[in-house]
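Which chain is which? The protein sequence lines are P and Y, in order. The numbering used here applies: residue 1 is where the first sequence begins, and numbers increase by one. The numbering used here applies: residue 1 is where the second sequence begins, and numbers increase by one.
Keep in mind that the hints were calculated from the coordinates and are not lab data. Watch out, some of these pointers could steer you wrong.
Stated by the list, open to error - Just so you have them, the derived chain P footprint on chain Y, three or more residues with Cβ under 8 Å:
{"hint": "1", "stretch": "17-27"}
{"hint": "2", "stretch": "45-53"}
{"hint": "3", "stretch": "72-83"}
{"hint": "4", "stretch": "89-99"}
{"hint": "5", "stretch": "131-143"}
Claimed, not checked - Sample of chain P residues with no beta-carbon within 12 Å of chain Y, all distances over it, derived:
{"hint": "6", "residue": "52"}
{"hint": "7", "residue": "82"}
{"hint": "8", "residue": "115"}
{"hint": "9", "residue": "120"}
{"hint": "10", "residue": "148"}
Glycine is no exception: its CB is placed at the ideal position from the N, C-alpha and C atoms.
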Amino acid sequence: MNFLAKVFIYPVNSLILADLVERFGHKPLTMMNQIREKVTNISLDSPPINITPEDPKLGLRYAAVEVPAGVRGRMALIGPLIEETEAAIIVENPPTNFGCVGCNRTNELMKYLIRSKGVPVLEVKYPETDEEARDFVNRIAAFLESLPEEKSEENEKGEEKEPAEKEDEK
Amino acid sequence: MTEIKKEEITKYIVISSDKVLPADAAMKIYESEFPVTVKETCFGLIVTGPKEDVTAVVENIRQLDKNHIFVKDRGFPAGDERRCRASRGGGPRPGFHFLREEVQMLPAIGAALDELEANESVKKKQGEKCRLKVSDLEKIIEAELSR
Numbered sequence: 001m002n003f004l005a006k007v008f009i010y011p012v013n014s015l016i017l018a019d020l021v022e023r024f025g026h027k028p029l030t031m032m033n034q035i036r037e038k039v040t041n042i043s044l045d046s047p048p049i050n051i052t053p054e055d056p057k058l059g060l061r062y063a064a065v066e067v068p069a070g071v072r073g074r075m076a077l078i079g080p081l082i083e084e085t086e087a088a089i090i091v092e093n094p095p096t097n098f099g100c101v102g103c104n105r106t107n108e109l110m111k112y113l114i115r116s117k118g119v120p121v122l123e124v125k126y127p128e129t130d131e132e133a134r135d136f137v138n139r140i141a142a143f144l145e146s147l148p149e150e151k152s153e154e155n156e157k158g159e160e161k162e163p164a165e166k167e168d169e170k
Numbered sequence: 001m002t003e004i005k006k007e008e009i010t011k012y013i014v015i016s017s018d019k020v021l022p023a024d025a026a027m028k029i030y031e032s033e034f035p036v037t038v039k040e041t042c043f044g045l046i047v048t049g050p051k052e053d054v055t056a057v058v059e060n061i062r063q064l065d066k067n068h069i070f071v072k073d074r075g076f077p078a079g080d081e082r083r084c085r086a087s088r089g090g091g092p093r094p095g096f097h098f099l100r101e102e103v104q105m106l107p108a109i110g111a112a113l114d115e116l117e118a119n120e121s122v123k124k125k126q127g128e129k130c131r132l133k134v135s136d137l138e139k140i141i142e143a144e145l146s147r
């Protein structure tokens, strides 16, 4: 299946956001895929020993050494996602934010990096009523439909041919 | 020579439908004979298997009630000892709390998706009304001329 754009979602493990992004034909960048690589790779041990010496180094690209180790550890997983993101949906005040995504400093850093990256960002409030849910879905749908389509190889070839034809006409 | 293992993925299928129960969805998967592992849960299903098979299964299940069945990836395989409650002494597994909060919101999200779909179909119909086919125009002209 060809996806149009890679969309970063916050909260990074949200069911609703991941589903909506996939439903409208884009690829959600989620924490779960990063975790899968860590826990199903046979060369790594089970948690909490599934961090390789490379991970803290990767985390250091996003957070300095004075920053709590947990932020760097989390950024080692989330940072690569942010780098490949082409658009983002950020949901404000999600109902629960604890466990693996409960680190506020990581969340702040993550949102800051996304906003400063210059990609299209949609910021919406987590819905609590039916009316808000309707508005939430409509805004996300409009945002996802407005994202630029990734050019397929055929289209690119077609576009390359067009200028040549125009030159011939001249 | 070592055998290359196919990439295995796991997906949650969260069912918030009035028409489809998790048991119905599980039966549908058993009938489809895809080589996937299915675990039935209180909110839906967890499906583990080769990537292509899981993707196909999930798409089939989603079509049962597409606006009220939600899907997301999962890192750990179904029944993984590191997450399964059976080996951790009970209690909700890590990651369940946020899912439970989101599941409460799914009926409203499903209704919003229904409405969005209905609005789109109305727009399409309106768009079709505006266009007049050449063949139809010819018929109208012929009808006018034959008067």
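Problem - chain P over the stretch 131-143 of chain Y, status - at least 3 residues with CB closer than 8 Å - result: Not satisfied, violated; 0 residues make the cut.
Practice task
Measuring Cβ to Cβ, find out whether residue 82 of chain P lies farther than 12 Å from everything in chain Y.
Solution key: Check passes; 18 Å lies beyond 12 Å.
Handout entry: Given coverage of the stretch 89-99 of chain Y by chain P, checked by CB-CB distance under 8 Å (3 or more)
Key = Per the Cβ count (5), the hint holds.
Exercise for the section: Would you check chain P against the stretch 17-27 of chain Y, counting CB to CB pairs closer than 8 Å, and say if three or more residues qualify? Expected result: With 0 residues closer than 8 Å to chain P, the stretch 17-27 of chain Y misses the three-residue bar; violated.
Exercise for the section: Say whether it holds or is violated: residue 148 of chain P keeps its Cβ farther than 12 Å from all Cβ of chain Y. Expected result: holds, 21 Å
Handout entry: residue 52 of chain P non-interfacial with respect to chain Y [C-beta, more than 12 Å]
Key = holds, 16 Å
Exercise for the section: Go check the stretch 72-83 of chain Y versus chain P for me, would you? Three or more residues, Cβ under 8 Å, otherwise it fails. Expected result: Per the Cβ count (8), the hint holds.
Exercise for the section: Would you check whether the claim that residue 120 of chain P is not at the interface survives, using Cβ distances to chain Y and the 12 Å cut-off? Expected result: holds, 20 Å
Exercise for the section: Quick one: see if chain P covers the stretch 45-53 of chain Y, three-plus residues with Cβ-Cβ under 8 Å. Expected result: Contact hint for the stretch 45-53 of chain Y vs chain P: violated, 0 residues under 8 Å.
Exercise for the section: Could you check that no beta carbon of chain Y comes within 12 Å of the beta carbon of residue 115 of chain P? Expected result: holds, 23 Å
The earlier numbered hints that this structure contradicts are 1, 2 and 5.
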